[in-house]
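*Asks:* Just so you know, the protein sequences line up as chains E and G, in that order.
Going by our numbering, 197 is the number at position 194 of the first sequence; the sequence numbering is gapless.
Going by our numbering, 22 is the number at position 9 of the second sequence; the sequence numbering is gapless.
Any given hint might turn out to be false.
Facing chain G, a subset of chain E residues (Cβ under 7 Å, in silico) [stated by the list, open to error]:
no., residue
1, S7
2, R12
3, A15
4, K19
5, S27
6, K28
7, A29
8, Y80
9, L84
10, G87
11, E90
12, H227
Rather than coming from a laboratory, the hints here were simulated on the basis of the structure.
By construction, the Cβ of each residue, glycine as well, lies at the ideal position given by its N, Cα and C atoms.
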Amino acid sequence: MAFSQDLRRVRAIIWKDLTTERRSKAGFNAVAFLGILILLLFGFALGPDAEALRNAAAGALWLAILFAGVLAFNRAYQLELDGGALEPLLLYPAPRWTIFAGKFAANLLFVLLVEVVIVPVAIVLFQVQSLAGWAPAAGVMVLGSIGFVALGTFYASMASRSRAREVLLPLLLFPMLVPVLLASAEASSALLAGNPMRDAGAWIKLLVAFDVIFVVASFLAFDHVIEV
Amino acid sequence: MTTTNRSTLILQGLARRFGTRWALRGVTLSLEPGEVVGIMGHNGSGKSTLLRVISTALRPSAGEGWVFGKHLVREAVEVRRHIGFLAHSPGLYEDLTARENLIFAARMFGVEESGILPALERVGLSQGRDERVRGFSAGMQRRLALARMILGAPGLLLLDEPYNNFDPQGIELVNEVIQDARRGGGSALVVLHDRRQGERVLDRIVELNRGAVIGVSAGTPLTLVSVGGSH
């Protein structure tokens, strides 16, 4: 009974965050546009060499997701801070993990939607020709996003109390993301290049391990960072 | 201090420090069922900090407290089930409608959504229930925050300057909500600057200065009955 109540709370937070985001629209448009802009800038920087573009595609895509995602994480807590809603949220008779789970799931859906917009742009811009591994590549996108969003949601909650949160969040988050970024980019690169799964397999296993560690650690530590 | 095992609230030597500054210093206080107590004091005297510590938004730096027998720190989730906190800021989601804000609150409180419309009617917002909060005046937002508090059916109301932004009808509404809680056996702690606004509903007034209790008024009309000590 108590657990089903908690799941209802998780769903309520997801519904509230996504409804607010859908109504304002500014957040999604800004994040997706920033992602596309970063891809374009990488494209310009790499020049017209098709081979160089293809080789850099996975790395550029993940960096674009990473930079754009930081905006999304900051916004997720900005929603609460704008109207002074963070304190009432913390004062509901709910275990803290339900708040983290709701925010995590809403952020994950948001980031996956942004990826739906910017991945096709990356495929065209970076002239990715082999789409044979699209299904495993999509799986890697989801796995990479889980680790990325778990850490992003966690550190955004930590930074939300600071006046310098826009600066603080990337400073806290980016060093911790190196393993997820590396595993995601390498696995995506192997799959987009049309290599068989055995090349990507080791990176995917590593990515799954990081996801488990980051998600569990974030859930456990959230209770302490959100307290005043 | 007289406390019973039925006491709504018991605070013993409660203190809270921000950095090197003590915002609360050894507050000892108790509330019995049906009792409404006003908290008064100058700006920075610790009134809002006291409510935030009782609400579990802040952890005490020293001392202990219980709400309906539940420990403020060790049983914080249980404490939150009994508390309705009306803070300075309404804490609403401006891109949601009034009704949607209460749907969210009902799900988070773990109560039935059938209480939403009566709560909106109680605060006079049933007409604007499907309007986004962004377009609400400060007074309407305050009414909606009051409806959210009622929805949780709390046994202890913590009201931080509840009369702010309200017209005379709004002030009357706040007093009625307090009286309703009292009739149901609930209690209230009300932070206020002007004792005339809440005089009709208050049983006692506790005066704070620099985080410490410096006096208590009681009786009709409210007159100073003790200075310092436990209350």
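*Asks:* None of the hints should be skipped; say for each whether it holds.
*Replies:* Consistency of the hints with the structure:
1. S7: At 10 Å from the nearest chain G Cβ, S7 (chain E) fails the 7 Å test, so the hint is violated.
2. R12: holds, 6 Å
3. A15: holds, 4 Å
4. K19: With a closest approach of 5 Å, the K19 (chain E) hint holds.
5. S27: Constraint on S27 (chain E) satisfied, holds at 6 Å.
6. K28: violated, 10 Å
7. A29: Check failed: Cβ of A29 (chain E) comes no nearer than 10 Å to chain G, outside 7 Å.
8. Y80: violated, 13 Å
9. L84: Violated: closest Cβ of chain G sits about 10 Å from L84 (chain E), beyond 7 Å.
10. G87: Check passed: Cβ of G87 (chain E) comes within 3 Å of chain G, closer than 7 Å.
11. E90: Check passed: Cβ of E90 (chain E) comes within 5 Å of chain G, closer than 7 Å.
12. H227: Hint on H227 (chain E): violated, closest Cβ of chain G at ~11 Å, above 7 Å.
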